[in-house]
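**Q** In the order they appear, the protein sequences are chains A and B.
Just so it is clear: in the first sequence, position 292 is 577 by my numbering, and no numbers are missing.
Just so it is clear: in the second sequence, position 82 is 141 by my numbering, and no numbers are missing.
Since the hints were derived computationally from the structure, they do not count as laboratory data.
One should not assume that every hint holds.
Unchecked claim - Computed beta-carbon distance windows for the label pairs: (1) B:Ile107 with A:Arg437: 32 to 38 Å; (2) B:Leu156 with A:Ala323: 54 to 60 Å; (3) A:Arg416 with B:Arg112: 57 to 63 Å; (4) B:Trp161 with A:Asn572: 25 to 31 Å; (5) B:Leu135 with A:Asp473: 29 to 35 Å; (6) B:Ser78 with A:Ala471: 54 to 60 Å; (7) B:Thr67 with A:Met563: 50 to 56 Å; (8) A:Arg416 with B:Ile107: 28 to 34 Å; (9) A:Arg492 with B:Gly75: 40 to 46 Å.
Yeah, the Cβ is synthetic: ideal placement off N, Cα and C, and Gly gets one too.
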Amino acid sequence: MASSTVPRTTVVRSSAQPGGREEHALEVENIVKRFETAEGTVTAVDGFSLSVAPGEFLSVIGPSGCGKSTLFNIIGGLMGGYEGRVTVSGETISGTHPAIGMVFQEESTFPWRTVIENVAFPLEIIGMDKRARQMRARHFIAMVGLDGFELRFPSELSGGMRQRVSIARTLASEPRILLMDEPFAALDEQTRLLLGDKVLQIQQDLRQTTLLITHNITEAVQLSDRVLVMTYRPGRLKRVVKIDLPHPRDSEVISSDAFGRYVAEIWHDLRVEASLGMHEDESRARNEKSKR
Amino acid sequence: MRRAFADTRFGPPAVGVASLLLALALLEALIAAGVINGFIVPRPSQIIAAIPRIIVEEDVLDRFLQTALEALWASLLLTVVGIGLGMLLFRFRLLRLATETWVAALASAPVVLMYPLFLVIFGRSATTIVMIGFAAGLSPVILKTVEGFAGTRKVLLDVGRSFRLTNTQLFHKILLPAALPTIFVGLRLGLIFAMINIVGVEFLINFGGLGQLINELAERYDLPGTYGAIFFVVLVSVVFFFCAERIERWLRPGM
Ligand SMILES: Nc1ncnc2c1ncn2[C@@H]1O[C@H](COP(=O)(O)OP(=O)(O)OP(=O)(O)O)[C@@H](O)[C@H]1O
Ligand SMILES: [Mg+2]
């Protein structure tokens, strides 16, 4: 376990310049990540860059296997050994950073803790006393609409409710930058839309800089100010689409014409990449069969 | 309706007791009918009748405590040493890869048969009995501890790391609670092995608690008494399992 641990907060260099790049809450420059595998080197991310303005809601969308989670782990400081640079408000970081909060793709609540103990977890870690942290936790539990479930254990909740617990837990640490890796991937379409509304509403209230990683076009357009489309492996930036839909938005927006146009536009780009991925999978399967 | 009954507090234990009574009644009937030889297998009613007798004449309660105390010491050793070694093996991969097969092999070793060696080291004492029980139960505790730690879902550790936990915090707040259910499986298995060997050694070296009593009663060919004493051995296990379950629920809620 310890051998793979990435160092905690290491601010390597501060490049904050007054009036310069400081207007970016988060900047990712030229990230290259390669994995050594049995079949040789796989380039998962190749020269990916993005910058996010404070309070912006940005989505990164791409086909399965294009390097989205890799990117998420690099920005969150959980994965090292890459080229390029991640800066938070101008500081270059390596390792985890207190300003960044992460919500994971997989179910990640602690099954041995009640809802309130789960949500209060980051506050417990920073040493807040019990009464204060329970009060804060209650606030965030209410925010995701789980009041009344404080004393339940995750095993007593539905998948969507558990995911809301994870979101509340990350919100409780009050990160300036929220990273979410397909947080709704395991949910049905209706829950996904409603939870999307909730997240967007919270984001508008807290003015958090949010980076959502997804492969769902509707979700990306529904929630974002900008959508970044990635190519299939190696993951590069293909296109940036600015979503000019009025705020406040809710899931009703999906029935508008403009929404449909955005979805069509993004699908047009994504389709090529997605089919590339499928072809590669198929040909690999064929190769493996012929080898046998 | 059936489901509701299974969820009631007294439903399952009531069914358990009822099926036990039914089995005993069946055995009684089979012996009475002569299908099973009554000279080899005593009737359940005789065994039950023997229990008050051995309590009064054979000091069973005292022996019960003696055996329970030996089992307690063995399980404390198992908890401390077994979980400790398991943690060590988890922490150092080389050690684990090098020794895991040996530890697993130890599980099938008939440790009881090594009692002369233990007698030489610890003498004809309770220590010998405790140490044999401990040695017999050690490998499942180690193996299950390693399995529990190694099986912790990566995403839970990632959550911890993203909240910037120190390695010590990661261990106490995530690894340990995540591994506890599996560790307890190991402890239960270890306790079973320990119990069998403790009573076995008491029997073999004719020393101490219930095992010695079983030896004596069997030699006198007091079969109802022998089975009555075995009943108390089972009772020791029941008490230990009950306590283990309580402790587990207290340490690791949310199951
Ligand atoms: N630890 C690793 N070792 C080797 N290859 C890896 C590793 N992690 C990821 N990869 C490879 O990197 C590529 C990108 O993986 P990643 O998990 O980032 O994709 P993704 O875009 O999140 O996919 P999905 O949408 O299916 O979650 C994949 O081809 C994967 O095989
Ligand atoms: Mg992914």
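**Q** If a hint holds in the structure, say so; if it does not, say that too.
**A** Comparing the hints with the structure gives:
no., hint, in the structure
1, B:Ile107 with A:Arg437: 32 to 38 Å, "violated, 46 Å"
2, B:Leu156 with A:Ala323: 54 to 60 Å, "violated, 20 Å"
3, A:Arg416 with B:Arg112: 57 to 63 Å, "holds, 60 Å"
4, B:Trp161 with A:Asn572: 25 to 31 Å, "violated, 41 Å"
5, B:Leu135 with A:Asp473: 29 to 35 Å, "violated, 50 Å"
6, B:Ser78 with A:Ala471: 54 to 60 Å, "violated, 42 Å"
7, B:Thr67 with A:Met563: 50 to 56 Å, "holds, 53 Å"
8, A:Arg416 with B:Ile107: 28 to 34 Å, "violated, 56 Å"
9, A:Arg492 with B:Gly75: 40 to 46 Å, "violated, 59 Å"
Violated hints for the displayed structure, listed by number in ascending order: 1, 2, 4, 5, 6, 8, 9.
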